[in-house]
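Engineer: For the record, the sequence lines run as chains A and B. Numbering-wise (the working numbering), the first sequence opens with residue 1 and increments by one. Numbering-wise (the working numbering), the second sequence opens with residue 1 and increments by one.
Hints are computed from structural coordinates only; laboratory data are not their basis. Wrong hints could be hidden among the right ones.
[What the hints assert, rightly or not] Computed footprint of chain A on chain B, listed as stretches where at least three residues anywhere in the stretch have a Cβ under 8 Å from a Cβ of chain A:
| id | stretch |
| --- | --- |
| 1 | 97 to 107 |
| 2 | 124 to 131 |
[Said to hold, decoys possible] In silico PhoX-like pairs for lysine-lysine, Cα to Cα no more than 25 Å straight-line:
| id | chain 1 | residue 1 | chain 2 | residue 2 |
| --- | --- | --- | --- | --- |
| 3 | A | 112 | A | 164 |
| 4 | B | 157 | A | 268 |
| 5 | B | 100 | A | 268 |
| 6 | A | 536 | B | 157 |
| 7 | A | 123 | B | 94 |
| 8 | A | 366 | A | 512 |
Note that this is a predicted model, so its numbers are computed, not measured. Every residue gets a Cβ at the ideal spot worked out from N, C-alpha and C, and that includes glycine.
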Amino acid sequence: MAQRQVKRKVRRPARRPAPRATPKATQRRGPVHIRLRVGFILVAMVLSVFGGRLVQLQGIDPHSYAAMAAAENVVDVVLPAERGEILDRDGEALADSSDGLMVLADPKQTKKDAPAIAAFLAKELGVDYASALAKLRKDGSRFQYIKRQVPATQATAAVEKAGKEGYQGLWTSRDPLRNYPNGDVAANLVGFLGNDGPLAGLEAAFDKHLAGKDGHAEYDATSPVSGTRMPLGTNNRVDPVDGNDLTLTIDRDLQYYVQQTLMDAVQKSRAESGMAVVMDTQTGEILSLADYPTFDARDPAASPKSLRGSNALSNVYEPGSVQKVLTVAGLLDQGLVSPSTRLKVPGSYRSGDADIHDWYEHGMEKLTLAGVIAKSSNIGTVMAANKYEDGQLRDYLSAFGQGRRTGLGLDTESAGLLASPEAWNPADEDRIDFGQSISVNAVQMTAALNTIANGGVRIDPSLIAGNATNNSGIEVGTDTADRTRVVSEEAASQTAEMMERVINDPVNGTAKQAAVPGYRVSGKTGTAQRVNSECKCYDGTTTVSFGGFAPTDDPRFTVYVAIHNPGNGGGGGTVTGPVFSQIMSFALRRYGVPPTGTEPSKMPTGW
Amino acid sequence: MSIAAAPQAPVRSPDRANETTQTRLTAVPAPLPAPMAPRLPFVVLVSMLLIGGVVGLLVFNTSMQQSAFQEARLQEQATTLAAREQALDGELKKMEDPHKIAAKAKDLGMVVPQNAAMLRVPEAKIEGEAAAADRSATPPLHPKVAKPYSVLVAEQKAAEAAAAKKKAAELAEKKRAREAAEEQQRTSSGEAR
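Next comes chain A alone, as it looks inside the complex:
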């Protein structure tokens, strides 16, 4: 423009050979050469400004302006990856994701209408009026969370409605929603997701497996607000990689039943806590793993932190008499005893510098080995176990899986305590025979009992169907479960029959309550003194437990129940026996397992 004006000025004298006509005009404008010179100088000045600008744009900083121009209309949106679901064995969701939004407010805009908007939000989103009002009025802030993890439909509808009613300063942003449709069912295993990441259970342990990777799309838009794509513009797209689903071996409905039954038993016996495990005998799959008390995955904050995981895995305790089954199975495997081995059991037995007693007062008793198990005699067990050579018992217990983690994939699992060969001594061994001086977690104990049920072959318990790699890089699941023979098939079946006498021997049996009518059932009670963590001593409270399997001659399920500190003074038979029976009965019926129809064991228990 400027150039053109200048040119016109310059040309003017040429167009008008005017001096002839108006000599006075020439004099007014000065001589031609002066006007030309002034004109050239002006042109040169303007051009040099242009030149300088050119050098600045192209020479010194060539990219920033281009980038700014490009950025003006380029939109970069995150394409969210969907977090994998956690499913039960039938594909029912235990945890799933859906689109969620957070509702945000700009107090600068909302301040003037704050009471009206707060009332509106309280009605539409169910937020607390007073706290919403405070947020909407917050001075010097331009960003306030009104509510997080709102279902997308609800949030969008609310913000649109707000716009229609003339309320400014509300908007939404992506905030994926994690749903736990079953509340506390399997919450101890599944864990939960906090606002900013996984905090417990499988959600945390398998976060990398579940998370997936967000993608993004970058494109030219007609306006950055509307985001309408400009055809033929830049278009870079990285597709999101959705997370993998995690299928568990848990059976949701069975899990519910087990949790409710356990809760009922814990509350009725005025106990402190309880745990129950149901395992598929032939595959080692954990069908149910219940803890009580537990928490609601939809509202984890309502429960104390200590309950937001699985105590069945993280808490270890002395197993008590259930351990006798393992001691005896090893003896049978070695051929050192048989179920009909006759023992004269005295009322007290000297071991190390202390006496061992039975749970009931008695004089000299004549029991067979089967009777020792049925009646749960500590002294009888110790006498039989004296036939072990040094180190043999420890090898068996280690092979049964005690003293090491079961490898379910949860890092919170505790390994329990099995004395090392160096620390092993005869007095401790006598106590380990009947389940003292050793500590286990509930799943370890279930897997050990399952070894007897499965004909002497131990299967690694698994919680994940197929396989999956957890955050520590360990691959776990049914595909990776190892099978190892621990005791011979004969030893296992003899042990199973002796365990049947625990339930069906009318005289010496300790757990008639654990029977399942119509089925042959094997099991063993346990009542162990609890070690108080403060004084490192037995504080008089007990852990009562019952573990067993059914049908005895072709086991399908192994069930283990332990209840800590029952306030009613009950033992393994009275407190946990009925729970075992209910759970076993439900599982057998649910999976359509018919009774085997064989005659129950009538092994003699006394002589």
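Following the hints, position chain B against chain A.
Structural biologist: Showing chain B alone in chain A's frame:
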């Protein structure tokens, strides 16, 4: 070859040479003026192409832009519908919550069977023992999560502490009352003295 041919050239008769030269120099008849293509159709064609191109481009661009808007609209619709589907799916899943099903079943008077017998139809045999379905195998319904033990203990402790405090306060009150009474007695007796 050219070496062999070269000496021949001078041998040519001058006549002939002349002749050739003359033939070469003969004025060629002026070339016919190139046939003039009619100018108008060409101009029209080019203009048509140009206009057609420009208009086509314009229409194409417009339609692209139009479809971009439509895409955005449909995308938004798809997102809304997907969110709606998810919301409905979530509702369905919530209805499948075992807690809810158990509660509904209880309302209908249903219980968990105590023990069931199995029929083997081919052999006409009954296996197992059927038992009357009473309520004994049905776990009670509880609120979503019953109060955890630790909370109960904490509450009990708090209650005990509160009771102890109250008792202490009462005792202190009594003591004060007694002291006040004694004081009064003393003063009154002192007055009497």
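Engineer: Compare the structure with each hint and give your call.
Structural biologist: Verification of the hints:
1. Only when three residues or more bring their CB closer than 8 Å to a CB of chain A does the claim for the stretch 97 to 107 of chain B stand; here the count is 4, and the claim holds.
2. Here the stretch 124 to 131 of chain B counts 4 residues with a CB under 8 Å from a CB of chain A, which clears the bar of 3, and the coverage holds.
3. The suggested pairing of residue 112 of chain A with residue 164 of chain A holds, with an alpha-carbon distance near 17 Å, which does not exceed 25 Å.
4. Pair hint residue 157 of chain B plus residue 268 of chain A holds up; C-alpha atoms about 21 Å apart against a cutoff of 25 Å.
5. Annotation: proposed proximity of residue 100 of chain B to residue 268 of chain A holds, straight-line Cα distance about 23 Å (limit 25 Å).
6. A hinted pair counts as satisfied when its Cα atoms are at most 25 Å apart, and residue 536 of chain A with residue 157 of chain B qualifies at roughly 24 Å.
7. Proximity of residue 123 of chain A to residue 94 of chain B is assessed by CA-CA distance (about 23 Å); at most 25 Å being required, the pair is judged to hold.
8. Between residue 366 of chain A and residue 512 of chain A the CA atoms are separated by roughly 22 Å; this keeps the pair inside 25 Å, and the hint holds.
When each numbered hint is compared with the structure, no violation occurs for any of them.
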